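Note that the protein sequences, when read in sequence, are chains U and A.
Residue numbers for the first sequence, in the working numbering: 1 to 356.
Residue numbers for the second sequence, in the working numbering: 1 to 356.
Hint data in this document are derived by calculation from the structure and do not stem from the laboratory.
Treat the hints with care, as some may be off.
A pair holds if it fits inside one copy or across any two, identical chains being indistinguishable in the list.
Claimed, not checked - When the alpha-carbon atoms are kept at most 27 Å apart in a straight line, the in silico DSSO-like pairs for lysine-lysine are as follows:
#	residue 1	residue 2
1	Lys58	Lys309
2	Lys302	Lys58
3	Lys136	Lys125
From a predicted model like this one, the values you see are computed outputs, not experimental measurements.
Number of protein chains: 2
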Amino acid sequence: MKPWEKNIRRVTPYTPGEQPKDKNIIKLNTNENPYEPSPKVAEKYREIQDLRLYPDPKVEELIHALAVYHGLEDNQVFVGVGSDDVIAMSFLTFFNGELPVCFPDISYSFYDVWADLYKIPYTVKPLDEDFRIRVKDYEEKNGGVIFPNPNAPTGICENLEFVRQMLAENQDVVVIVDEAYIDFGGESALSLLDEYENLLVIRTFSKSRSLAGLRIGYAMGNSALIHALNAVKHSYNSYTMSRPAILLGVASVEDDAYFKETNRKIIETREWFSKELDRLGFTYPKSGANFVFATHKYLPAKEIFEKAKAAGIYVRYFDKPRIDNYLRITIGTKEQMEKLVKFLETLCTSVDGSVM
Amino acid sequence: MKPWEKNIRRVTPYTPGEQPKDKNIIKLNTNENPYEPSPKVAEKYREIQDLRLYPDPKVEELIHALAVYHGLEDNQVFVGVGSDDVIAMSFLTFFNGELPVCFPDISYSFYDVWADLYKIPYTVKPLDEDFRIRVKDYEEKNGGVIFPNPNAPTGICENLEFVRQMLAENQDVVVIVDEAYIDFGGESALSLLDEYENLLVIRTFSKSRSLAGLRIGYAMGNSALIHALNAVKHSYNSYTMSRPAILLGVASVEDDAYFKETNRKIIETREWFSKELDRLGFTYPKSGANFVFATHKYLPAKEIFEKAKAAGIYVRYFDKPRIDNYLRITIGTKEQMEKLVKFLETLCTSVDGSVM
Numbered sequence: 001m002k003p004w005e006k007n008i009r010r011v012t013p014y015t016p017g018e019q020p021k022d023k024n025i026i027k028l029n030t031n032e033n034p035y036e037p038s039p040k041v042a043e044k045y046r047e048i049q050d051l052r053l054y055p056d057p058k059v060e061e062l063i064h065a066l067a068v069y070h071g072l073e074d075n076q077v078f079v080g081v082g083s084d085d086v087i088a089m090s091f092l093t094f095f096n097g098e099l100p101v102c103f104p105d106i107s108y109s110f111y112d113v114w115a116d117l118y119k120i121p122y123t124v125k126p127l128d129e130d131f132r133i134r135v136k137d138y139e140e141k142n143g144g145v146i147f148p149n150p151n152a153p154t155g156i157c158e159n160l161e162f163v164r165q166m167l168a169e170n171q172d173v174v175v176i177v178d179e180a181y182i183d184f185g186g187e188s189a190l191s192l193l194d195e196y197e198n199l200l201v202i203r204t205f206s207k208s209r210s211l212a213g214l215r216i217g218y219a220m221g222n223s224a225l226i227h228a229l230n231a232v233k234h235s236y237n238s239y240t241m242s243r244p245a246i247l248l249g250v251a252s253v254e255d256d257a258y259f260k261e262t263n264r265k266i267i268e269t270r271e272w273f274s275k276e277l278d279r280l281g282f283t284y285p286k287s288g289a290n291f292v293f294a295t296h297k298y299l300p301a302k303e304i305f306e307k308a309k310a311a312g313i314y315v316r317y318f319d320k321p322r323i324d325n326y327l328r329i330t331i332g333t334k335e336q337m338e339k340l341v342k343f344l345e346t347l348c349t350s351v352d353g354s355v356m
Numbered sequence: 001m002k003p004w005e006k007n008i009r010r011v012t013p014y015t016p017g018e019q020p021k022d023k024n025i026i027k028l029n030t031n032e033n034p035y036e037p038s039p040k041v042a043e044k045y046r047e048i049q050d051l052r053l054y055p056d057p058k059v060e061e062l063i064h065a066l067a068v069y070h071g072l073e074d075n076q077v078f079v080g081v082g083s084d085d086v087i088a089m090s091f092l093t094f095f096n097g098e099l100p101v102c103f104p105d106i107s108y109s110f111y112d113v114w115a116d117l118y119k120i121p122y123t124v125k126p127l128d129e130d131f132r133i134r135v136k137d138y139e140e141k142n143g144g145v146i147f148p149n150p151n152a153p154t155g156i157c158e159n160l161e162f163v164r165q166m167l168a169e170n171q172d173v174v175v176i177v178d179e180a181y182i183d184f185g186g187e188s189a190l191s192l193l194d195e196y197e198n199l200l201v202i203r204t205f206s207k208s209r210s211l212a213g214l215r216i217g218y219a220m221g222n223s224a225l226i227h228a229l230n231a232v233k234h235s236y237n238s239y240t241m242s243r244p245a246i247l248l249g250v251a252s253v254e255d256d257a258y259f260k261e262t263n264r265k266i267i268e269t270r271e272w273f274s275k276e277l278d279r280l281g282f283t284y285p286k287s288g289a290n291f292v293f294a295t296h297k298y299l300p301a302k303e304i305f306e307k308a309k310a311a312g313i314y315v316r317y318f319d320k321p322r323i324d325n326y327l328r329i330t331i332g333t334k335e336q337m338e339k340l341v342k343f344l345e346t347l348c349t350s351v352d353g354s355v356m
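So here's chain U without its partners, still in its complex pose (with noise of 0.2 Å):
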């Protein structure tokens, strides 16, 4: 057994009814309805047939599609009710050790109530005074280390090597990294997974694939960990994944050409929007997410926060130790960015030519 193997829950999934795919079979085996939903309901889904059968447990579709999307085997690919699924499944399936769970002080808000949730210790490493992850924090023995990169809310991301040596340094656990915003510009940390087999990488269709709406998510890795993950999973909940979910999710990895035109005009306006906030008197880190985070030199990020609410502009404000100066500011369409500058244009004047 693997060190990191030792903290993989042990369950015995559930085998699902028999969900053949041949048309003509009668199916009664479970217990699903003959009759189609209400006509109402039909005028709505018009495409997505069969909602009165369960989906396919295995979600073989859609994990197919990924897989080779990425150049990965099926049983590299696990998908989940979007990435928090997919996390929460993950703390529950590897993170059964007596050791704490590392990640950052300054990072997604949900790792320590899952840890919480499923009785998990762990400790938060702070970032530097920069908002960097530092490596050397994590090399004392512990349970599992999480860190998204790029990291949320500073949007910073980190390089290949970074991840390298967060690996090198955590080889007898299992090491994740939340890519939900990688797709905006990030080296993923995918190329190592044939290196380290201790590496989970997650991923969302809810930013780079504005299906946010469907809930998706999905983790690759070596087989052992799928497995381990999808064995938890079939022993909660076999069908969690919607057809409409797998159905269109498949419809979204298909048009690659899409994707990628959408991400780039984002990488783009958030360039340009991030040149705006120079100009502004704002400092934010790098960038390489779709939202910068961003502090004014003279105006409190509370103050512009409830103004831009005021104004029809939702950007998002922490109040939360270290970070409660700054905006979290999701890049929206040039023509919303744009309209966001001349209203912080407008505030800044104000103050710069009378408080100041």
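Given chain U, work out where chain A should sit, using these hints.
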């Protein structure tokens, strides 16, 4: 604090970014993508709008539709990804005591799995020789009670007086009645909600509403129970319900005439099919569900299962103690059941006329 409140899991719910309904707001606060998904996805989803945006984490529209439908307040309804998700969440939320949770030995096969997963102690209570639940088995001090009504895979539906007795004997713990199959003619425990604040009634859209492919389940109970469920849910994953599920779920609830009509047809077919089973030498507990749990006087269930499968008719066989000579046969359309009857007729005749 009420006794049953002692076992409720304490968590701090997460506050998601705001999801304003006003379309004029420039929404840059939750890192969604400003561009529509691939037009190939758009072609498929048609009327399911705004897939690029997160769904409403409070699922207000669907909860409200269900509350109105059942004559409850919105704060008495909790929605999840199929009743599996709702029941698992209920285990996690309500069964945190030292005493074992009780449920029948022959019952929904996930109860013990979830108890194991969450390290919840439990005791299974054998059904009597007629496959009935005995209230007296649930009278000793315990950490909670859950049972399906109608029970699965037996199909037996107990009356309201039975449920009332179960509640009367278990007032210090949460009692969950899993009513996945109640719409096929059973008496719901809903009318007892005012009387017993420790009662939680769970339903699904997968059977009577023909929407197994969408993944929707829900729980009804007093607002304290629902509040606790929401707290646990939001500490784990706020965005489990997809936009298609919410939108199409509401459409289903609003078309009550269709719902009642399809349920009526299934009940009618079940009653006809039961008589055919009598004629063919099967016995079965009287069913209150959309399936019949049947055993034949000569033919082994496993043999029927395999031969039916070879003939393109899938029914369910469980290789488990006490029920390994039974088949769980879902009620399909009248035409499907006629084909099954014809198949069984041939099978039984060949036995009666030769081997037996």
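- [ ] Indicate which option fits the pair Lys58, Lys309 if close means a Cα-Cα distance not exceeding 27 Å: within, between, both or neither.
- [x] Between. Shortest inter-copy distance 21 Å satisfies the 27 Å Cα cut-off; intra-copy 43 Å does not.
Open item on the list: I want to check one pair: Lys136 and Lys125. Are their C-alpha atoms no more than 27 Å apart within a copy, between two copies, both, or neither?
Closed with: within (10 Å within a copy, 54 Å between copies)
- [ ] Measure nothing new, just compare the shortest in-copy and cross-copy C-alpha distances for Lys302 and Lys58 to 27 Å and report within, between, both or neither.
- [x] between (46 Å within a copy, 26 Å between copies)
Of the numbered hints given earlier, the model fails none.
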